[in-house]
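Those protein sequences? They're chains A and B, same order as listed. If you read the first sequence in this note's numbering, its first letter stands for residue 1, the second for the next number, and so on. If you read the second sequence in this note's numbering, its first letter stands for residue 1, the second for the next number, and so on.
FYI, nobody ran anything at the bench for these hints, they're computed from the structure. Be a bit skeptical, because a hint or two may be false.
As the list claims (entries may be wrong) - Computed, partial: chain A to chain B, Cβ under 10 Å:
no.: 1; residue: D51
no.: 2; residue: F55
no.: 3; residue: Q58
no.: 4; residue: R59
no.: 5; residue: G64
no.: 6; residue: D266
no.: 7; residue: T316
no.: 8; residue: Q348
Quantities reported herein were computed from a predicted structural model and do not represent experimental measurements. Glycine included, C-beta positions come from ideal geometry on N, C-alpha and C.
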Amino acid sequence: MPITKALETHIDHISILDEHGSFDEKLGKDLIPDEDLLKLYQHMVVCRKLDEIAFKLQRSGRMGTFPQNMGQEATSLGAAYMLEDTDWMVTCYRENCGLFWRGLPMEKILQHWMGDERGNQIDRKHYCTPIAVPIGTQMLHATGLAWGAKYRGESQIACTFFGDGATSEGDFHEAMNFAANLDIPVIFFCQNNQWAISVPTSIQCSAPTVAQRGMAYGVECLQCDGNDIFAVAWCMKKAIESARDHNRPIFIEAVTYRLGDHTTADDARRYRDDEEVALWQSRDPLKRMRAFLEAKGMWNDAQQTELDEHAEATVTAAVERAEGIETPSRDDIFNWTFADIPEQIAKQRDTMRTTSLGQDPSQIASEQATTKA
Amino acid sequence: MAGVTQPKDRSHFILPDLGEGLDEAELIKWRVSVGDEIKEHETLAEMETDKALVEVPSPWTGTVSELCGSAGDMIKVGAVLVRYGSGGSGSEVTDVAEVETAADAGSADEDAGTVVGSVSGELTVSDRFARKTEDDQAGEQVRGKALATPAVRRIARELGVDINLIAGSGRGGRVTASDVHGFSQNGASGASGPTSTPDSGFTPQAIAIPADLPPVDEGNVVETIPFRGVRRKIAEALDRSVKTAVHFTVVDEADVTQLDAKRKEYAKVLGAKMSMLPFVMSAICKALRSHPSLNAIVDDAKSQILRKDAVNLGCAVDTDHGLMVPVIHGANALSIGQLGQAVGELARGCKDRSIERERLAGGTFTISNVGSYGGMFATPIINYPEVAILAVGRAKEKVLAENGRMFVGTVMPLSLSCDHRVVDGAEGARFLNTVVGLLENPSELID
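Kindly produce the complete structure, drawing on both the sequences and the hints.
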């Protein structure tokens, strides 16, 4: 018997607006109306301002760890823009821009990273699940949500976001296999930002693309320039049709770059070359969008100044609201985990204030306040 | 957020945790001067943590009235970094006392929840534990590969400096960012120690590291364990004890044959297991009544010996997280049964870490029941500032002799260490004789 080809295939890479400003009229036609372009750009600028201020909040002790979204704004925003308002967005922690497009109040994000879990209690009307900090857990949740929608005969789909590192987790493979074999309407949206904290994609994925990891499960795979909001929108349009009309999951690899540190507890200068960062700064989605709008005569410096001021005011107001929220009681950690508090947990709650260094003065004060009340 | 709460009146800025779980940072460079007006989010200083070089911004708008520290200082999370004066946005100069209180509150927060117990309650660090000074380092040889964080190595690379040529002034000889800057500016002659300001408000915690440590053989290592946490606290307390108290040890044996029989009777009556320990504890309490010089503590700061009334008996307890010494307050007022109960409760409290802070402090004499693990005699280390400690070895049958006649008895080895500055050898031996006498004559011990 001669040798035959068991499989021959390829993966499309989509680029519509590149970093040099060239625009593919054919692919980009009627994809995003002009008035929406302005709104999208405004969202990206506000989100970038949040990154800048949140970073300083952490450094001055006003917030805990914070992961900046810088450089990846176009990916989650392009996806959120194309989804219906009632489609599930199942995110990790670098999708702020998309979440704000959904109407999630900025102070919720701040509250969460300030250490108040109530910030992760997201109103049902946004159809967003809580931010998943553990890597990769959310892909199974999205698969379940989409399966539920299909089971109930609803047209709702789910789109889950994760990084390149998460595709090395078992949960990713389970979710993909499940979704593919059971025809579940879920979109797997990978933000390949090149770095899993300090591990480059090349070290944890031997294949030339992350996208082809989806191929093993018989799922259609696409790769796009993640800093090109048009390319993201193009892929999402195709993915939404596939999921909603044919119950077929689809895998999108959006190639982007984390311009900032992994989180405020990281220093990326330790493991990345300045040249690499400079290259990706030239591919910044905000710069690209602004140049595009200016070339179309839709944007000028005066508008930019106004937008920068608006962004600063918006973020400052959100910080004020977030800092104005009353701090949760430390007892909550113990009180809301079980319906009936087990003896051991109650003991931990009652003894947590005692250390060899004495009682925490603020705890004594709050305890006295509680006793009086 | 490391438990640091900034003052509501914005009178001063407390250094927060700049990363995740960091407890200090090195001040590299001030970016403001006293009298400067600074806006919210503008940079106050550049600092270096174990992980990164960071810029620390001001959390509010105000006028800088004091910079607490100089370049090269290690600043503790929870310590005041900058004070703001009048002329800022509505902030007034605050009463000094009030500021101190707030700063204290901050530093008390910093370690909350990380340390479960300490050998002696007092955690203030004496000079001997302080970070090594410039003088200590004189003559220190530069050898091999320098110890430094990646952030510092980066600075050295950027300045074109060979980091291995720099004498480190940081913990364990670590090269700090200011060492690199100093070296780069002054060449090899600039490789000096830290410019420490005594009143900068930070309390160094590390044990002093001798300048002439022998070379470390790094081959054949199966595990590297960071020397910190409870282990470090234990080490610091023991180091202080050995370097302060003048130890001598006297040993003896007690024939506890009759006592052992009594113990079994007790256990039968009570219907519960009972060890020899409460009997020895009771004997100590009674013996201390006639030898009060051993029920005391030393206040070295004021050069005085404080003899104590009640016996607060510390019991060394071995736990998974290290040695702990819970204290039975007023042990002299307790019956043998009550002592047994108390020691059981304390041991459980130590093992599950539920023990209160008050029960780990205030001891006047300590007993170490090392015999429950094995061994005969020991040279116990005093739980400073106490002045004496008794180690109880394992009791076992032995051939004894009396008036030319041999017989078999149960013998308990006892080792008493005293601080010779306070207790003379004769007095120590007399105390031990009393304890042995009580253990050998249960009718005297059991009222």
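Right, here's what the structure says about each hint:
Violation of the interface hint for A/D51 is found here, the shortest Cβ-Cβ separation to chain B being roughly 13 Å, above the 10 Å cut-off. Satisfaction of the interface hint for A/F55 is found here, the shortest Cβ-Cβ separation to chain B being roughly 9 Å, below the 10 Å cut-off. About 8 Å separates the beta-carbon of A/Q58 from the nearest beta-carbon of chain B, less than 10 Å, and the hint is met. Taking 10 Å as the C-beta contact cut-off toward chain B, the hint placing A/R59 at the interface holds, the least distance being around 5 Å.
Below 10 Å, beta-carbon pairs count as interface contacts, and A/G64 has one with chain B at about 5 Å; its hint therefore holds. Evaluation of the A/D266 hint against chain B yields a held restraint, the C-beta minimum of about 7 Å falling below 10 Å. With a cut of 10 Å, the hint placing A/T316 at the interface with chain B holds, because the nearest CB-to-CB distance is about 9 Å. For A/Q348, the interface hint holds, the least distance from its beta-carbon to any beta-carbon of chain B being 9 Å, beneath 10 Å.
Hint 1 from the list above is the single one not met by this structure.
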